[in-house]
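K.L.:
Spelled out, the chains give:
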Amino acid sequence: MTGTRDAARPGHLPAVPPTTRSKRPALVLGGAFVALVAVVLTGIGIGAFPLPPGAVVVTLLNRALDAIGVDPLPGGLGHTGEAVLLELRLPRVILAVLVGAALSVSGAAFQGVFRNPLADPYLLGAAAGAGLGATLVIAYSPATSLGPFGIVPLAAFAGALVGVGCALLLGTAAGGSQSATLLLAGIAVASFLAAGQTLVQQQNTEDLREVYGWLLGQLGRSTWADVGMVLPYLGTAVIVLLLCGRALDVLAVGDDEASSLGVHPGRVRLLVILAASLATASAVAVSGLIGFVGLVVPHIARRLIGSSYHLVLPASLLVGGAFLVLADLVARVVLAPAELPIGVVTAFIGAPFFAGLLWVGARRR
Amino acid sequence: MTGPTASRPAGARVEIIDLGAAYGRTRVLDGIRLTVEPGGWLAVIGPNGSGKSTLLRCVLGLHGHDGLVRVDGVPTSGMPRRARARQVAYAPQSPVLPDAVSARDYVALGRTPHRALLAAPRAVDRQVVADVMERLEIAGLAERPLRTLSGGEQQRAVLARALAQQPRVLLLDEPTAALDLGHAQQVLDLVDDLRRQDGLTVLSTLHDLTLAGQYADRLALLSGGRVAAEGAPAEVLTTAALEAHYGARAQVVSGPDGPAVLPVRATG
Numbered sequence: 001m002t003g004t005r006d007a008a009r010p011g012h013l014p015a016v017p018p019t020t021r022s023k024r025p026a027l028v029l030g031g032a033f034v035a036l037v038a039v040v041l042t043g044i045g046i047g048a049f050p051l052p053p054g055a056v057v058v059t060l061l062n063r064a065l066d067a068i069g070v071d072p073l074p075g076g077l078g079h080t081g082e083a084v085l086l087e088l089r090l091p092r093v094i095l096a097v098l099v100g101a102a103l104s105v106s107g108a109a110f111q112g113v114f115r116n117p118l119a120d121p122y123l124l125g126a127a128a129g130a131g132l133g134a135t136l137v138i139a140y141s142p143a144t145s146l147g148p149f150g151i152v153p154l155a156a157f158a159g160a161l162v163g164v165g166c167a168l169l170l171g172t173a174a175g176g177s178q179s180a181t182l183l184l185a186g187i188a189v190a191s192f193l194a195a196g197q198t199l200v201q202q203q204n205t206e207d208l209r210e211v212y213g214w215l216l217g218q219l220g221r222s223t224w225a226d227v228g229m230v231l232p233y234l235g236t237a238v239i240v241l242l243l244c245g246r247a248l249d250v251l252a253v254g255d256d257e258a259s260s261l262g263v264h265p266g267r268v269r270l271l272v273i274l275a276a277s278l279a280t281a282s283a284v285a286v287s288g289l290i291g292f293v294g295l296v297v298p299h300i301a302r303r304l305i306g307s308s309y310h311l312v313l314p315a316s317l318l319v320g321g322a323f324l325v326l327a328d329l330v331a332r333v334v335l336a337p338a339e340l341p342i343g344v345v346t347a348f349i350g351a352p353f354f355a356g357l358l359w360v361g362a363r364r365r
Numbered sequence: 001m002t003g004p005t006a007s008r009p010a011g012a013r014v015e016i017i018d019l020g021a022a023y024g025r026t027r028v029l030d031g032i033r034l035t036v037e038p039g040g041w042l043a044v045i046g047p048n049g050s051g052k053s054t055l056l057r058c059v060l061g062l063h064g065h066d067g068l069v070r071v072d073g074v075p076t077s078g079m080p081r082r083a084r085a086r087q088v089a090y091a092p093q094s095p096v097l098p099d100a101v102s103a104r105d106y107v108a109l110g111r112t113p114h115r116a117l118l119a120a121p122r123a124v125d126r127q128v129v130a131d132v133m134e135r136l137e138i139a140g141l142a143e144r145p146l147r148t149l150s151g152g153e154q155q156r157a158v159l160a161r162a163l164a165q166q167p168r169v170l171l172l173d174e175p176t177a178a179l180d181l182g183h184a185q186q187v188l189d190l191v192d193d194l195r196r197q198d199g200l201t202v203l204s205t206l207h208d209l210t211l212a213g214q215y216a217d218r219l220a221l222l223s224g225g226r227v228a229a230e231g232a233p234a235e236v237l238t239t240a241a242l243e244a245h246y247g248a249r250a251q252v253v254s255g256p257d258g259p260a261v262l263p264v265r266a267t268g
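Chains as they are written, first to last, in my numbering: chain A, 1 to 365; chain B, 1 to 268.
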């Protein structure tokens, strides 16, 4: 229909065939997945008792074969190696993947919901709430566990949910589902809870070291019980977030236009905030407050794959998991046999890496 | 033009019946009654603050109102949001352009009401997006980040996003606000083509009175939240009406495509 006009318009460019889909996102996600597997094998392999990756894979394969009654392959780990793998390294590395993925996906989701690149998963009071919960039980609780679970993770989990819950209640009471009001409510709640945490901590200085250790993040005491405790919540929340990617893409055009496209921005926002908070609370419960990951990994993912949320979320998941395994590896190797708090490591390697990324990006433009 | 865009249903009749709206306690619209025939173009004109944009937002259901808006006889207030989005598309005055999103991905958002919110675009969605972009002559810009396009190209991308909804009614809030005269004419020509070829119903606000008179087949003059005049451009655009509602001194001369408004300087 516009044939004559096209011919008369020299600047008109030829159309790209409609059905070609860019293969790049699939390549990036595939590459990130391979990198994650490689990093996981490295993380399992390195330590006081080295475990060669080949033998690790064979051993894990044999466990699976054993379950279906097939004879084991040769070349697996010895008894000690297998014990180190199954009791120490594997739960720790898996927990690092889960925590890194949860924090990164939540961070990306928060940035999408608030249309703010500086948002991170701790924004709505999850960190401050978890900090207060953990400090309270470290200082006052006579018991150290409740059933199979440690009391500190349970308290941190509850505290994180209470913190976000307060921020949501305050924010919705004050201004519906508007993001600026919610952010301000989050800041108010987080400051209040952080003050409470400091107060408890100052009155119980004998527990200071343990509280600090928790606040800076640690994966050193990871067990299968930790994995089992957080996996249901964390897994559900992360799956919900991944499914919300396209809804977040629509939200990026603003509430009015999203509504005119048939979406309920308030409902999407609430669902995403609840899921991201649940994922964050689960991560914080088992790892303490690991900073930096949730803020920066989504930006790394964006540089790799563009800024559509249906791609940024899965990319953040893979990159975040790999990043935290690497950080944990550094944390336990650098001062071995002592360990650095992982939160220190994430900032120490993460910040320069990110600065470099910004610098390279700026020069390329 | 073949393909899915050609098979869409023609435009719908839009009826606005006794519509009123307020911001807090301030009434901004009162007793608005307007009808746009299928395939018609009604341009809402009026001085700043007369409630033009609010009227469009009410028609979309973005602003609380009393009275009734009907699309082909069906009240929009009872429609689920997705069903309404398949009937009525909207291009706001200052659209939010997401960062670093390509023009194609942006236009593809228009397919949202036609597929499950969680699902990936289907082949038919990609085909509609490609057709619409081809038609608006931005197919060659598909991979470019939206923010790097010129004002006129961005406006066409926003229009393409609205058309990708395959709506029966197009609501345009000041579609030419950020454009120079040439680009403004280009966009209005496009809208006019779409309306004539597809029978799309267009309800727009336009602040440029001469362009409004040239392109729309009916004008509604909004003043103080009420419809002060409604009818063919020559009936609505009068020296007396401009003086009364805009406080403007202007001469209305008849041009080849309808009345043209010629501002007159105060003498002495």
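Note that these hints are calculated values from the structure, not bench results. On a predicted model such as this, the values are computed, not experimentally measured, just so you know. There's no promise every hint is true.
[Stated by the list, open to error] Per the computed footprint, the stretches of chain A lying under chain B, defined by three or more beta-carbons under 8 Å from a beta-carbon of chain B, are:
no. : stretch
1   : 77 to 91
2   : 152 to 164
[Said to hold, decoys possible] A short, non-exhaustive set of chain A residues, derived as facing chain B with CB atoms under 8 Å:
no. : residue
3   : LEU146
4   : ILE239
5   : ASP249
6   : ASP256
Note that beta-carbon positions come from the ideal geometry of N, C-alpha and C, so glycine has one too.
K.L.:
Please go over all the hints and tell whether each is borne out by the structure.
P.N.:
Hint by hint, here is what the structure shows:
1. 77 to 91: violated (count 0)
2. 152 to 164: violated (count 0)
3. LEU146: 37 Å, violated
4. ILE239: 11 Å, violated
5. ASP249: Result: holds, 7 Å to nearest chain B Cβ.
6. ASP256: 5 Å, holds
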